[in-house]
Structures are given as structure tokens and as C-alpha cells.
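Chemist: Listed below are the residues making up each chain.
There are 2 protein chains.
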Amino acid sequence: MKVVFLGTSSSTPTKNRGLPSLMILREGEQLLFDCGEGTQRQMIRAGVGLRKRLRIFVSHMHADHVLGLAGILLTLSLTGRQHPLEVYGPSALKTFIEQLKDTFNFEPQFDLLVYRVSSGVVYRGDGFRVEAFEVKHIAESYGYAVIEDPKPGRFDVVKAKELGIPKGPLWKALQEGKPVVVCGQVIKPEDVLGPPRSGLKVVYTGDTAPTRAVIDVSRDADLLIHEATFDDSLEGLASDELHSTARQAAKNALEAGAKKLVLTHISPRYEDPCLLLSQAKEVFEDVVVAEDLMSIELR
Amino acid sequence: MKVVFLGTSSSTPTKNRGLPSLMILREGEQLLFDCGEGTQRQMIRAGVGLRKRLRIFVSHMHADHVLGLAGILLTLSLTGRQHPLEVYGPSALKTFIEQLKDTFNFEPQFDLLVYRVSSGVVYRGDGFRVEAFEVKHIAESYGYAVIEDPKPGRFDVVKAKELGIPKGPLWKALQEGKPVVVCGQVIKPEDVLGPPRSGLKVVYTGDTAPTRAVIDVSRDADLLIHEATFDDSLEGLASDELHSTARQAAKNALEAGAKKLVLTHISPRYEDPCLLLSQAKEVFEDVVVAEDLMSIELR
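Protein sequence lines correspond, in order, to chains A and B. If you read the first sequence in this note's numbering, its first letter stands for residue 136, the second for the next number, and so on. If you read the second sequence in this note's numbering, its first letter stands for residue 136, the second for the next number, and so on.
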């Protein structure tokens, strides 16, 4: 699984930071989370083309998180996409898209499927699911978690040999969770497999004030991508505007037991984000501030 | 007068070209022509801030020419603009803006004045005017010409001395076009001034197939900024889609007697625009292909 940060600013772009967007790539699937103005160009810069298996998830209907959807839809239409496109987000997303179609006399030749999300699983891919969870921002603001299915436990070769199971198709069947019969005796997968191993979990908060929901969904996450609009000195402003500080993001990562934290949605006032980084590091060690076009591989 | 090219692609952005937009700066005034997605970020890259005396002119309601307006309006609002903003364009522009306000629950604290243009003078600035002219593209497609007022003719010092006009306030009055009295004799400005000198003229075509209107308005223009979406081999496509080839743009520049030609709105298929340039050069010598962030000073 690879996470590519396409835009890491908040509200307005800066010279170095585009408006919010990030993509998770997993075995040919593209999951685009938010798409601020300029996202399609950031994708070109990142060397990420728009593929057939693209799906788009919008966290909330603030313009800086969604205006770039228009350009993406138009480009997909111009470049002849035929495959249906699924777009997920709050209720107003459908209205926004209908208005675009109306204003620009735009009717894509592909099926454009717009789903209103609510908390829970919103998309089930091949070997993973995407869950939406409500966060604390404007009405209908969601974060998203990409959660891989648990993988079967490790195959215990020694035990398999002890049980007299010949190497070959029978091992494979057991690894795939199917019972087999050896010399008239039924052997169940759990006889030779260790406990199931959890898959990767990546959480993206969208915009939010500190909230229990983020901690709950991020339990043991491999990667928590948390908004961190402000530093400590603007905690009051963060609270008023329902955003988080870098330290609050780090506290959430610590409490959730996340393995790694990435801070994003950086206010344009921080030309150098070292202040945010140092305040977060006082709480949680494995933290970085996202940069545009930065990518993280997870295994 | 300075022209800054902010986006020079057509339809979709490329690594090197953003979507259509250019700005003309003149004595503190900013005239922004078209604003495709990403224009506000291109302005940051070009080192051009959004100033009080900004006005925006939209050529036609194709999404690649106007989507960036949304981000600009939101940023102006976020950054506390108080001064009214005038936006000029086709009738659907007002609807687009109303829908934006509605979808994003956005009410700027400044007065947003949206004017529907028709052929003729649409804005009169200090020492210049902006004229819209109909071009040949979709319904309600306009080009714009920025035309400086004629300047008074050169002051003939020798003649002024012959007429016995003392150097000082009387010279100044005559230079400003006011008659003066010397020894009981009325001296008119035309007695000491040469013929009025024309001001600068810059023409931007927006999107258009070759049309007489461009030639007429570009008569003796100092700079013609002409769309040149395709090369000769795609003249048929250009005709079908009501665009121009580089050669057609050059022919217009030649017939109009323009001094300089800039080709813009380059199809993403031309990674290297030398083909367009060479075909235009066969017709018109003083031609360049626009690049993003390129600027031209006119005096």
C-alpha cells in the first residue's frame, strides 16, 4: 500500500503546498481522498495517472477539499473514460456535481455514481474495506479508514510435518483456510496456522477538532494521517474553527497506539513547519509533516 | 503595461502548462483574463498577489477557463477583502457564482459585482478601456482588447519658443490640452503639439476559430495573444471544435498588422511547441509560444 500526498495546505494554496488531497494506491486500485483545486495537476506532477480503478472520497463540503473534483471529472470525460466512476461524500456532493453538469453543459459518457456516506463501511475492495467515521467539524464531516482484511496466520511447517501432511496442494488448501483429510483424519486450518494476522490500517481524519472517534478508529493503525492546521499558540483558534493543533494530533496518535503519524492540512502561515513538528514530537516520536508529492510505502 | 501568462494549456493541464489565464498589469490595476483551475496558485508562483484593483474577465463558460474563479473568490474572502470585486463575462457566469455561494454556503464580505458583457467597452480604467468582442466559439464567447487612451502629441519646443510662450506653467497647460493666452493672443494646444500618439493595444482572443472580428479589433495592435490549439495537420479538428491553428493565428496577426504575436491555449498533445512556432513563423515573424509564468513588458 502506498500513500501519495498531493496537497497538504489548508484553505489557500501556497508556493509549496497545494490544496488537500491524497491518494492511496493498493494493487491497482486508486483511492483519492479529497481533491482541492489543482489536484489533477498534482497527480501529473506525482506521476500518478487517472486509472480505471479510481474511486474518490470527499471528507466534507468545504471548497478547498472538493473544487478540484470538477477538473478531474471533466478531464476523465475528455480523455474518454468508459468505466463507471464512484464518488463518495456528504449529501451536498451530489448537488455540487449536478450544478457542474448544468453550468458547463457537461454529461460524462461514463456512469458517474455519487454515494452519500454515513459511518461504517462505504466501499469494499479486493482484500480491504474503506470505512467512514464522523468527525467534529462542519455538519457531515467524515474521516476515512482503509483497512485490509486480516491475513491467515503463519503456516507451521514443523507441525504440518508432524501431522504427516505432505507438502503440496494440501499445504496450499490449509493456507487458504480449507480443511483437508490425511489418512482418514480431518485436519483443520487452525491445527497448522497461527493466529490471523491483521492487515494494514491507514486512517485519514479530514478536518476535525480532537474527537474520540479518531482515536477509536485509529486503534493500532499503521498510519494515522491527522490534520494539524495550527501550533500550540493557536489552540483557541483551532477550537473555534474545529481544527486540531499538531500536539492534539500527536496525542490522538499516542492514545490510539498508532505506529506512525503524518501531519497534514498545514495552515499557510507556517512556511517552515518545524514548529508543528517539534510540538508533535514532544508527544509522539514517529511523526512527520507531510510535503506535497511525498509518498509513504507500507508493507 | 505588463502581460503575465499564468496558464497556457487547453482543456487539461500538463506538467508544464496550467489552464488558461493571463494577467495584464497597468499602473496598479490588475486585469485577469480567464481563470482556469489552479490560477490562484500560478499567481503565487508568478509573484503576483491579489490586489485591491483586481478585475476579472471571463471569455466563455468552458470549465477550463473559469473553474479557478471559485478558488480566487474564496481566497479573497478568507483573506478579508473589503473592496468590491467586478467580474465580467457571459450570462452563465452569474449562475455559476450563485451556485458556488449556495453549495459552499459562501457569502463574501466584499461586494461581488458580476457583469454580463456584450460587444463594446465593458470597463473604463484610468487611461485605458477594456473592449469585449464576439468571437467564433460556443455561444457567448468573447475576446477582450485592452486599449490605452491616445496620448497628446509631442510638444514642439522650437515652435513654442517662436510663439513667445515662456517655459513653465503655460507649457504644461498646453501639454495637457488647454489653450493659453500670451500677450493677448490665444494659443491652442494643436499649435504646439504634434498629432496625438496612440496608446498601447493588447488583444486576447479567448477561444475562437479564425474570424474577421479578431482582425478588426487587432488593427495595429502592439500585442495579439491568439489561441493556437493545433498545428496544420489538425486544421480539420480545429475547424470542428471552433479553435485555431498556429498558422491561422499568424495569418490574423499579419492581416491586422499586429506588431507581436503570442500563441497560447496549446493542446496538451504538444509537449514541445516548436511545430506550432515554425508553422506560425512561416507567416509572421515576430511570434512566440507562451510559456507559463512568461511575462512581456510593453512600453
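To be clear, the hints were calculated from the coordinates, so they are not data collected in a lab. Incorrect hints may have been included.
[Claimed, not checked] With a straight-line Cα cutoff of 27 Å, these simulated DSS-like cross-link-like pairs (lysine-lysine) come out:
(1) B:K229 / A:K236
(2) B:K236 / A:K236
(3) B:K137 / A:K150
(4) B:K187 / A:K271
(5) A:K150 / B:K187
(6) B:K302 / B:K323
(7) B:K150 / A:K137
(8) A:K150 / B:K323
(9) B:K302 / A:K236
[Unchecked claim] A short list of chain B residues far from chain A (calculated; beta carbon distances all over 12 Å):
(10) L160
(11) Q177
(12) R190
(13) D407
[Stated by the list, open to error] With the C-beta cut set under 7 Å, the calculated list includes, among others, these residues of chain B facing chain A:
(14) P148
(15) N151
(16) G173
(17) R176
(18) I179
(19) A198
(20) L202
(21) L209
(22) S212
(23) L213
(24) G215
(25) Q217
(26) Q234
(27) W306
Predicted model only: the values in this text are computed from it and were never measured. The C-beta atom is built at its ideal place from N, Cα and C for all residues, glycine as well.
Chemist: So is R190 of chain B really clear of chain A, every C-beta pair being over 12 Å apart?
Modeler: holds, 20 Å
Chemist: Within 27 Å, alpha carbon to alpha carbon, are K187 of chain B and K271 of chain A?
Modeler: violated, 36 Å
Chemist: Within a Cα-Cα threshold of 27 Å, do K236 of chain B and K236 of chain A meet the stated pairing?
Modeler: holds, 17 Å
Chemist: Less than 7 Å between beta-carbons is the criterion; does G215 of chain B satisfy it with respect to chain A?
Modeler: violated, 12 Å
Chemist: Hint R176 of chain B vs chain A: min CB-CB distance below 7 Å?
Modeler: Constraint on R176 of chain B satisfied, holds at 4 Å.
Chemist: Taking 27 Å as the top limit, are the C-alpha atoms of K302 of chain B and K323 of chain B close enough?
Modeler: holds, 16 Å
Chemist: Going by Cβ atoms only, is L213 of chain B closer than 7 Å to chain A?
Modeler: Nearest chain A Cβ about 6 Å off; hint holds.
Chemist: Holds or violated: the hint that Q217 of chain B contacts chain A, with Cβ atoms closer than 7 Å.
Modeler: Since chain A brings no Cβ nearer than about 18 Å to Q217 of chain B, farther than 7 Å, the hint is violated.
Chemist: Have a go at the W306 of chain B hint: is there a Cβ in chain A nearer than 7 Å to its own Cβ?
Modeler: With Cβ-Cβ at 49 Å, over 7 Å, it is violated.
Chemist: Going straight from one Cα to the other, do K229 of chain B and K236 of chain A come out at no more than 27 Å?
Modeler: holds, 16 Å
Chemist: Quick one, is the L202 of chain B hint okay against chain A at 7 Å, beta carbons?
Modeler: holds, 5 Å
Chemist: Assess, step by step, whether the Cα of K150 of chain A is no farther than 27 Å from the Cα of K323 of chain B, and give holds or violated.
Modeler: Measuring from Cα to Cα gives roughly 55 Å; hence the hint is violated.
Consistency note: the structure conflicts with the earlier hints numbered 4, 8, 9, 11, 15, 22, 24, 25 and 27.
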